[in-house]
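A.B. asks: The residues making up each chain are set out below.
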Amino acid sequence: MKILVLVKQVPDTATKIRLNPGDTAIQTDGIKWVINPYDEFAIEECLRLKEKAGGEVVVLSLGPSRVEEAIRQALAMGADRAIHVMTDAVIDSQVAARALAKVAQEEGYDLIVTGKQAVDDDQAQVGALVAVELGLPQVTVVIELNVDVESRRIRAERELEGASEIVELPMPAVITAQRGLNEPRYPTLPNIMKAKKKEVKSVPLDSLGVDTTPWVRVEELTLPPERPAAKILTGEPEEAAKELARLLHEEAKVI
Amino acid sequence: MDAFAALREGVRQLCQRFPASYWRDCDRDRAYPEAFLSAMTEAGYLAALIPERYGGVGLGVMEASVILEEVNRSGGNAAQCHAQMYTMGTLLRHGSEEQKQRWLPDIAAGRLRLQAFGVTEPGAGSDTTHLETTAVWDGDHYRVTGQKIFISRVQHSDYLLLLARTTPIDQVTRRSDGLSVFMVDLREALQDGLFVQPIETMMNHETNALFFDGVSVPRENLIGEEGQGFSYILDGMNAERILIAGECLGDGYFFIDRATAYARERVVFNRPIGQNQGIQFPLARAYAHLRAADLMRTQAAERFDQGEPSGEEANLAKLLASEASWEAANAAIQTHGGYGFAVDYDIERKFRETRLFQVAPVSTNLILAYIGEHVLDLPRSY
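Line order of the protein sequences matches chains H and Z.
Counted the way our numbering counts, the first sequence spans residues 1 to 255.
Counted the way our numbering counts, the second sequence spans residues 1 to 382.
Honestly, the hints are just simulated from the structure, not real lab data.
Just so you know, even glycine gets a beta-carbon here, dropped at the ideal spot from N, CA and C.
Be aware that one or more of the hints could be misleading.
Claimed, not checked - Per the computed footprint, the stretches of chain H lying under chain Z, defined by three or more beta-carbons under 8 Å from a beta-carbon of chain Z, are:
hint	stretch
1	71 to 79
2	177 to 188
3	192 to 198
Given the sequences, and given the hints that come with them, work out the whole structure.
C.D. replies: Encoded structure:
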């Protein structure tokens, strides 16, 4: 079974976001980059499927040269090889999906797995759009996955608001992973050393022959407003309680 | 880019599963960090220095030093990892092929713990050649009699690497002759005249006094040639100093990480305390010293791994790193004020732990004596 796993490199979730006035992207110098946490669930699931059914896991990533670090980490977890679609350009989900779908088509696959969303822009589009581009069935926000390799059927449980849904679909398909699907492994030392020697094929985005005109342009980016300083009520409890009730009613308008 | 970025990231990911609260609990309960050691073993880190043909990963001292550094930087303590990684070095360098086949694969897989190293005695600390524990051949076995002190992890180890005198000091030409190294099976020894007396200390290292009363050790557990043991121990010292330097650096960076984070957040007199030069400059200075020590560690490790003489660099690295980590510890506890002494902030624990490195596994004075004598060509001072 050949599984493609789509991996995005994102700023570490603990990053302090910095913006200059007029910026349409965050300041990236000094940022620590990591594998998108939802993609880690995807990688882990692929490795488990491979351990059960055999085959190979191919990492597919898109972005500038720094992305190779994330790719090596995925290889250190146990993926077999990788394809890096190289670009320094700012692209939107649609362009990303077109490019990834094109590479997937050339590469061939039985299954495509990725995280339900990337934690940088939180758009949750690429997995779904890749399925559309390739004309594949898809199931998103998956918390349990069963793949029957013999019958080429997938049974997946996906998370809904306050409920869960069980869906069945044929292979090949696109799966997007939600937290809870599994507990991602950390790499072992032998695998970290092996990862250095695994193949990472670099493919320039421009060489794919896909339309790279974005559909979405970021107009403006601003930080959330700073919270106003907290108010501390002093005085007798009775007075303070009255004042608190007044503030909640008149200022906060929550009661 | 750091050539060891992937290695560092791997260790960090593992260490993230063992947060500071895990280490606080181990410290409070004086517990052996079993779960952490299992995870490090299963991920292959503790077999870093064991060649691949014996089931290890076959890496150099540089990588091993980086692994230990990252453990300490995470807020953990690498003492047990260091022991399992390094103690087998004497066996690897001087054991027979049969001995290596017998023990190394089990050590690499973590099935066998060789984490106790029996050199120090009440009457012989830095002055190792005057140790009085004897191993006498009785025609059948070596019989070990004597005392050892500050021997760590004995209660959590399967084997002890023991240095004992096999020829009395008055019958050898050089006092460093006549010492031999043995692999002592601790479970057997405990049934056969070994008594273990725990010693409470400032750190959670499970250290002990050992009393040997005619403990028998079979000949096949003698490592290398009888009488050559001291040189076998000595030629592992450079590697040990480089590993310890890594642990010191990890501690030092831990202190800087924590203290700068605290100094940015903590507001006194309406400003973050990190804005005060009295807070900022000691941290900047400690960081500069850490980076300098880091360079010396890297140079020492590279020379060692290329098989070049590294005595000077290894000793300098250990000296500089242990002093830099202590400087960082002091700056960190001062930055934290009263909170530095509160257990939940982890500073006091790491403060205690990093102080050890100026005393053990080798005292700073002995390092200085080495530099004076062997690097600066001054008369031997001891």
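A.B. asks: Each of the hints needs a verdict: does it hold here or not?
C.D. replies: Tested hints:
no.: 1; hint: 71 to 79; in the structure: holds (count 3)
no.: 2; hint: 177 to 188; in the structure: holds (count 3)
no.: 3; hint: 192 to 198; in the structure: holds (count 4)
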